[in-house]
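J.: Starting from the given sequences, assemble the full structure and let the hints guide the process.
Protein sequences appear in the order of chains A and B. The working numbering puts the first residue of the first sequence at 1, with every later residue one more than the last. The working numbering puts the first residue of the second sequence at 1001, with every later residue one more than the last.
No incorrect hints appear here.
What follows is a list of derived Cβ distance ranges for each label pair: (1) Y1174(B) to N155(A): 40 to 48 Å; (2) K1252(B) to A206(A): 32 to 40 Å; (3) Q1141(B) to K31(A): 40 to 48 Å.
Computed footprint of chain A on chain B; a stretch qualifies when at least three of its residues, placed anywhere within it, have a C-beta under 8 Å from a C-beta of chain A: (4) 1190–1199; (5) 1226–1240; (6) 1248–1256.
Since the hints were made in silico from the structure, they are not lab data. C-beta: ideal position from N, C-alpha, C; glycine also.
Number of protein chains: 2
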Amino acid sequence: MTDRLVISIDAMGGDNAPETVIAGVKLAHEKYPDVFFLLYGDEARIEALAEQNGLDKQAYRVYHTTQVIKADEKPSAAVRYGRESSMWKAIYAVRTGEASAVVSAGNTGALMAMSKICLGTMAGVDRPAIAAIMPTSVQGQDVVALDLGANAECNATNLVEFAIMGSVFYRIVYGLQKPSVGLLNIGSEESKGREEIKEAANILKANAEKINYYGFVEGFDIGAGTTHVVVSDGFSGNVALKAIEGTAKMIKRIFGQQMKKSLLAYLGMIFLFPTLLRLKKRVDPRRYNGAMFLGLNGISVKSHGGADELGYFHAVETAINLVQNDFCEKIRVELEEVIFSSEDSFEY
Amino acid sequence: MTDRLVISIDAMGGDNAPETVIAGVKLAHEKYPDVFFLLYGDEARIEALAEQNGLDKQAYRVYHTTQVIKADEKPSAAVRYGRESSMWKAIYAVRTGEASAVVSAGNTGALMAMSKICLGTMAGVDRPAIAAIMPTSVQGQDVVALDLGANAECNATNLVEFAIMGSVFYRIVYGLQKPSVGLLNIGSEESKGREEIKEAANILKANAEKINYYGFVEGFDIGAGTTHVVVSDGFSGNVALKAIEGTAKMIKRIFGQQMKKSLLAYLGMIFLFPTLLRLKKRVDPRRYNGAMFLGLNGISVKSHGGADELGYFHAVETAINLVQNDFCEKIRVELEEVIFSSEDSFEY
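T.: See below:
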């Protein structure tokens, strides 16, 4: 069809779809003019929005779909009855090789379930996980956290797999040979927490040559950058992720409220503006938008449902970067090495 | 003994005990000169620190203890073998009526287990919970979150009890007749989350005249003040609490790093100083230090293990306020009304 890198887009997924989606794609096109987009959704609306946004006609093709996966749709139902949806069709384009990655801001559970069925799970992986990159207070160091919501309940084996995948992911993205991995718990002492976490800790400790296991970490260790990778079940991880985002927003809002009480403060803001801008840039959740499904045979990126166009752009950028870095093949090779290398296999 | 309000203190519990503890007690004495403190721990060290801090000899009595509950001690072991510890003795003073409340910055699990055994659980409560007050971005509105770590795993009945206790607690502290209660989940849709949460939601919905159930809330809703009370199992609650604290610290640290890059910013800070001070005061974790064990026949307050003297002071202040407001009796009466009122009992 074309030699260009192709990204398929679920144009109907997300709180303000397709408006935000198309505006985000336009931003992505500006930065990556060579990327071609397959847009799945309501053709008339998408074409109108593409024109409104001034999106180059050579940069996309629309595939008309009529079905939309709702935010409250059960994943199992979505998989069974959603085969005509924009989400399924967009994922399917990755399966057929028409696209190299899919991006959706729709129902996370449905996207996970559909991606899993449509793309398949990598050999050696029992449960894929959602991973995201977050800022830390250590300069130049981000943290990769997983699982962030794919698996509400996990056993020890799942947690160990997440640790391996997170570690490999960090190595690929940041080039760090042995990233440290922490298990999220409610205390750093060995006696604390749920049984499956203690069991996972024992397995990771027994495989020290293969994985740089740090120990238990707590909620505050994520932002402190105590470890490069933080592993948790999908429930706690999701709660932590959203609590972190919520706190940043809360502080911003309270700061704004206090500002209003002081004219002097406005004067101060003029001087502080470049500093606050840098701060904002470093922790801007939009910059960190784009969660990845690790453990699938294909790249599927989830944007926040409520992301604005800049946030959506970053999710698309994440997908492009993963494709350009041949992420799937690298993680497959690395996983094989860690889990299946014959002399010294991973001991459960 | 004395007519004064008496607080018993586990002087040996906490990361920097007894130093921080005694310094915190000194601050509490300055604000509440009529309160009398029973200090449990190493007599020689406590007396030396009391003198160093200039703590009035009329404000305290030291009870010498030699055993200290370690941070990594298992709660079950602490309860069995820890009866000579500063923690146990301090709690025991509440049981005998010598003190009206106990404060400890030591091992949370041990403090919970000991408080439960020593003080007993209120009628109608199966599992006591740790609750704390946190700031929100809604002006003048705090949020009460529970459980924050007492119960790593919870069933639907536990969650419902937490909802009732949190609601009653909020009413007592803030005088709000029908505080709204949210269940912490990984999505607001009804199909999301773990089974026990969905079950708890159904029970709460069926008791709408007794409790103002809002629905599912997510991590960001805590700081947004979406509901007055947020209920979760102790694992997710603990992760959320620490993630929130960690994020505030991270932003502060990154702000400091960015400040160093700009001389102008320092100039701006002079004007902004009062505003930042107000912001800090509103979200200062030390101000919100002092978690309560809800559901016991007695007041037991947990300070952060790493709290400084000001943080410890606030934990002591929380204990004093709860005593002055006759908290235990009020919550007992309220719980009885909600759970046991004959015509219209709480339906499980």
